[in-house]
Amino acid sequence: DTAVSQTPKYLVTQMGNDKSIKCEQNLGHDTMYWYKQDSKKFLKIMFSYNNKELIINETVPNRFSPKSPDKAHLNLHINSLELGDSAVYFCASSQVGQKQYFGPGTRLTVT
Amino acid sequence: DQQVKQNSPSLSVQEGRISILNCDYTNSMFDYFLWYKKYPAEGPTFLISISSIKDKNEDGRFTVFLNKSAKHLSLHIVPSQPGDSAVYFCAAKPQTGNQFYFGTGTSLTVIP
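So the protein lines, in turn, are chains A and B.
Letter by letter, the first sequence follows residues 142 to 252 in my numbering.
Letter by letter, the second sequence follows residues 698 to 809 in my numbering.
No lab work stands behind these hints, which were simulated from the structure alone.
Possibly wrong hints are sitting among the right ones.
Said to hold, decoys possible - Cross-link-like lysine-lysine pairs, in silico, BS3-like; alpha carbons within 25 Å at most:
(1) LYS702/B - LYS177/A
(2) LYS181/A - LYS160/A
(3) LYS185/A - LYS768/B
This is chain B alone, in the form it adopts within the complex (with noise of 0.2 Å):
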């Protein structure tokens, strides 16, 4: 039962270019979410998050958007550069609870 889905598993964008990255949620308890990026052959790092209590959060070129009536946020990355080339993983928490929901990943390139 996954219950945090990105039903990209792949994006290419022009450099500059807007990036935006899409995840949807099925739990209505979830209150906390995340954004991780991951090179290959390292762990997932850290990106952004919002709470449920916003529906934007910004940081520099990453801004994430959260539409909890249509269980939906995304990721939007401004202007994308050649670096951000990763997959994005989408995250999830309950307001009870430790546990993190992942989605499957969007690999994401970004074309010179």
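Pulled out of the complex, with its shape left as it was, chain A reads as follows (with noise of 0.2 Å):
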């Protein structure tokens, strides 16, 4: 049973596009998290979200949106598409303050 999973693994699109990444964990956790992961190899939060609150939003353009529907789930959005969004994004969950699971990641392509 995987537990945390993220769809799809790669993702190829145009600049300009709209597209989501789903995200969701089986572990029970209350705590969800959004990370970039860009060229430079640096692992940056983007999101996290505690009991359907989002409670870090870490300066990142409002083209993108995480959406959780309940608490095994938190989806990313994206909108308008820019080159400079080509990066892997991981999703990740745990329990508030503790160590987190982490998804296989999504490669994200903007052509």
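Using the hints, put the two standalone chains together into the complex.
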């Protein structure tokens, strides 16, 4: 059983398009996160949700919007994709303040 | 502003020897530190952690050392095995809040 799953694993799209990445966790955790790993391999937090409330937003452009239909899901919507959005996006979950469990990542390529 | 730094992007070690991975941080409010291991095309997986009330934590072949005065932590792997070849990320969290700060990773290669 996969603890944290993401779909799709690879996403290739053109500039200007709108896309979504889905994330689900079956660990019963109350906090979920989205990270971006850029070309410099730096893992930077984008969002986290705790009990369906956004508690961190790290100056991410408002083209990115997290959507959490329930505690087990945190989806990432990206509008008007730009070349600079190309990166690997990781979803993660944890109990508050505890170690995180990561999904396998989604490699987004914007052409 | 990178608050967690791993200054060595790569490290090569012979099988059976010790691997030492280093991490420095700048924020004195960090009180919980973790190491994650990442294989290609996979997400990071938790390896070992330490809280600021300790200076050492050991789990099998893995030991993490924390030097609060130097704002430095290190991960020791003894003995190193080829399966340890991966990218290792250091992460830290302050006392308040739920945000983890990650370093840029060190790619470890264990040579058989």
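Against the structure, the hints:
For the proposed pair LYS702/B and LYS177/A, the alpha carbon gap of about 17 Å is at most 25 Å, so the pair holds. At roughly 23 Å between alpha-carbon atoms, LYS181/A and LYS160/A fall within 25 Å of each other, so this suggested pair holds. With a C-alpha separation of about 21 Å, the suggested pair LYS185/A and LYS768/B falls inside the 25 Å cut-off, and the hint holds.
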